[in-house]
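Trainee: Going down the list, the protein sequences come from chains A and B.
Here the first sequence is numbered in our numbering, starting from 1 and rising by one per residue.
Here the second sequence is numbered in our numbering, starting from 170 and rising by one per residue.
If you are wondering where the hints come from, they were derived from the structure by calculation, not from laboratory data.
Glycine residues also receive a C-beta, built at the ideal position from the N, C-alpha and C atoms.
The reader is advised that the hints may include incorrect statements.
Listed next, the in silico EDC-like pairs over lysine to aspartate or glutamate satisfying Cα-Cα at most 20 Å (straight line) [as the list claims (entries may be wrong)]: (1) B:K507 x A:D70; (2) B:K507 x A:E61; (3) B:K264 x A:E125; (4) B:K227 x A:E53; (5) B:K507 x A:E141.
Which stretches of chain B does chain A cover? Using the computed rule of at least three CB atoms under 8 Å from a CB of chain A, they are [stated by the list, open to error]: (6) 364–374; (7) 409–419; (8) 509–519; (9) 531–544.
Here is how the chains run, residue by residue.
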Amino acid sequence: MTTSLADHQVWSTVERVYRREIRLLQAADYREWLTVFAPDFRYRVPVVRSTDERSDMVAGEGELAYYDEDRTTMELRVDKLASSMAWTEIPPSRLRYFVQLLDVEISAAQAVAVSNILVFRARHESQENVFYGERTDRFVESGGQLKIADRTVVLDRGRLAAENLSVFL
Amino acid sequence: MTSASQDLRRGAPGSLVRPDGAEVGISVFHDEGVYRAELEKIFAKCWLFLGHESQLRKPGDYISARMGEDEVVVTRNSAGELRAFLNSCRHRGAKVCRADQGNSRAFRCPYHGWTYDLDGNLIGVPRLKTAYLGELDRSSIKLVEVAKIDTAHGLIFASWDPAAPTLAEYLGDFMPYLDLLFGRAESGFEVIGGVHKWTIETNWKIPAENFSGDQYHLSSTHASSVEVGLRNRVTEYGHTIHVDEGHGFTREKGGAQQGTAAVTGYTEYVRKVQERIKRKNPELAEFVPVGVGTIFPNISFMDSMRFLTLRLWQPAGPHRVDVNSWCFVDSSLSDELKDAAMRQYVLSFGPSGMFEQDDGEIWTSISEATRGVVAQRHSFDYSMGLGHEMPVKERAGVALPGVMGEAFITEANQRSFYRRWRRLMMEQ
Numbered sequence: 001m002t003t004s005l006a007d008h009q010v011w012s013t014v015e016r017v018y019r020r021e022i023r024l025l026q027a028a029d030y031r032e033w034l035t036v037f038a039p040d041f042r043y044r045v046p047v048v049r050s051t052d053e054r055s056d057m058v059a060g061e062g063e064l065a066y067y068d069e070d071r072t073t074m075e076l077r078v079d080k081l082a083s084s085m086a087w088t089e090i091p092p093s094r095l096r097y098f099v100q101l102l103d104v105e106i107s108a109a110q111a112v113a114v115s116n117i118l119v120f121r122a123r124h125e126s127q128e129n130v131f132y133g134e135r136t137d138r139f140v141e142s143g144g145q146l147k148i149a150d151r152t153v154v155l156d157r158g159r160l161a162a163e164n165l166s167v168f169l
Numbered sequence: 170m171t172s173a174s175q176d177l178r179r180g181a182p183g184s185l186v187r188p189d190g191a192e193v194g195i196s197v198f199h200d201e202g203v204y205r206a207e208l209e210k211i212f213a214k215c216w217l218f219l220g221h222e223s224q225l226r227k228p229g230d231y232i233s234a235r236m237g238e239d240e241v242v243v244t245r246n247s248a249g250e251l252r253a254f255l256n257s258c259r260h261r262g263a264k265v266c267r268a269d270q271g272n273s274r275a276f277r278c279p280y281h282g283w284t285y286d287l288d289g290n291l292i293g294v295p296r297l298k299t300a301y302l303g304e305l306d307r308s309s310i311k312l313v314e315v316a317k318i319d320t321a322h323g324l325i326f327a328s329w330d331p332a333a334p335t336l337a338e339y340l341g342d343f344m345p346y347l348d349l350l351f352g353r354a355e356s357g358f359e360v361i362g363g364v365h366k367w368t369i370e371t372n373w374k375i376p377a378e379n380f381s382g383d384q385y386h387l388s389s390t391h392a393s394s395v396e397v398g399l400r401n402r403v404t405e406y407g408h409t410i411h412v413d414e415g416h417g418f419t420r421e422k423g424g425a426q427q428g429t430a431a432v433t434g435y436t437e438y439v440r441k442v443q444e445r446i447k448r449k450n451p452e453l454a455e456f457v458p459v460g461v462g463t464i465f466p467n468i469s470f471m472d473s474m475r476f477l478t479l480r481l482w483q484p485a486g487p488h489r490v491d492v493n494s495w496c497f498v499d500s501s502l503s504d505e506l507k508d509a510a511m512r513q514y515v516l517s518f519g520p521s522g523m524f525e526q527d528d529g530e531i532w533t534s535i536s537e538a539t540r541g542v543v544a545q546r547h548s549f550d551y552s553m554g555l556g557h558e559m560p561v562k563e564r565a566g567v568a569l570p571g572v573m574g575e576a577f578i579t580e581a582n583q584r585s586f587y588r589r590w591r592r593l594m595m596e597q
């Protein structure tokens, strides 16, 4: 495998975006976090199921997801979390994100990044949720920067071990 | 929280609820013995929801489901009939079906290879001659089957109790409301593919009673979603109706989940349904969408201006409920509107739903805050609107069965839920 200088630059840009994103998510600075996305974006976290066929284990388009958002609905969610009565985050969760970039597939118009993610959410004294799975981002150039136009996160657990999912992945 | 009267603190589980349902001893949400008794007297007896016919269209289709803590597999056999069995091999109990859904002609236990057909018959036993020496009567062994299985508007229910009434009798006076919920689409309803599954560390009755008619929590619990316009503020107008005993729903005037934010074409579709019903039967149009409700014991629905969901509160111990939730759509809708309904459901309900995420947070805290011995000497009060119930016919002037509160916001439905609970728990 050969890596060109241009490829190397895309990899390091993607990693820089992710490091910034982690800081924003851990601080629950969601309004600023939305700037990692392109003006129009899609954000999906499809449900998974157990079937005998590996190809049918993730819900497809038009099927159920934990998140199936565009900018409008994501901004609504962010506004809701900013409310003084958004009980899921009062007191705020303590969040820790681990993102391991595995691959970036680069073409002329886009870069598709695949990573493992692991998110810990601690609340109150001992409440703890762990979310883990695979994240696929499609980056496009927007205003001279790489922005995420599509994000799909497939969580591995068939039944979320959590009373809710009010953090982003 | 009030100090429980002496007889609500101890004794048989049924005696922990006041006969009128207006006071419930807190130990019914915690006590291990009460929980075991619920599995016997409620979940092994009542009609329980298993799934929807649209999940089992062809012979050989199957889905996994749960009745109380018992795992079952629901199949459509070669004759096209629905069957449901304990998902457990009769030999050593391993699961014979290990997928959430699929299509198969047989279920083969992976442990020793016993194989069952879609009717639960044992059709294959390895080494029947050489090891069992031909002495195992294969024909006498079947998967354990439910006593009764039936459908209503495509919803599949089953009961373990051979003496159970028919499903129609069990649903009883709730049937006209179920007709408005699932009988209104000319070509029926279907389930959007996929299930929301999550776990809330609380007692199953807390969400079940909430959905049965708790309009009261909305203004506080869901204030943040109201603030951003995902729904209107709750007014004092609507219907909160139960049929004795235990099935209830509440519907705000105009329909639930009205709001200005992120409105889709689905809302317009619901308005057209209302107009269609209005032309045929004007007084019924006030009941579509039906609102939020619970069919005793643990299947709840939310039929709103934005989406329709059904969810099952599966008990998993006194402090844990495994929630399964589905999004339903009118089969005749365009793919675009089906997608809109699904995305609205995801935005509002399910574990990440802007409404439901706050419920989960608060319900968990109920179990935490009341698990101590001192808390359990006390009881919850359900007296809101007590003595102000009257027949729907009288109060609303509509020829529909059931009872409603004088005020829209009432605990009449929760009282009905706990009266049913009490009666079942007192049965021998």
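Trainee: For every hint, state whether the structure bears it out.
Mentor: Hints versus structure:
For the hint pairing B:K507 with A:D70, the CA-to-CA distance comes to about 17 Å; that is within 20 Å, so the pair holds. Taking the CA atoms of B:K507 and A:E61, the gap is about 12 Å. The hint holds against a cut of 20 Å. Among the hinted pairs, B:K264 with A:E125 is inconsistent with the structure: their alpha-carbon atoms are about 38 Å apart, more than 20 Å. Restraint check for B:K227 and A:E53: the C-alpha separation of about 18 Å stays at or below 20 Å, so the hint holds.
Taken as a hint, the B:K507 and A:E141 pair is broken in the structure, with Cα atoms around 32 Å apart against an allowance of 20 Å. Here's how the segment 364–374 of chain B fares: 8 of its residues keep a CB closer than 8 Å to some CB of chain A, so the rule of at least three is met and the hint holds. Given a C-beta distance limit of less than 8 Å, the hint that chain A covers the segment 409–419 of chain B is violated, as 0 residues qualify and 3 are needed. Requiring three or more residues with a Cβ within less than 8 Å of a Cβ of chain A, the coverage given for the segment 509–519 of chain B holds, as 5 such residues are present.
Beta-carbon proximity to chain A at under 8 Å applies to 3 residues in the segment 531–544 of chain B; the threshold of 3 is reached and the given coverage holds.
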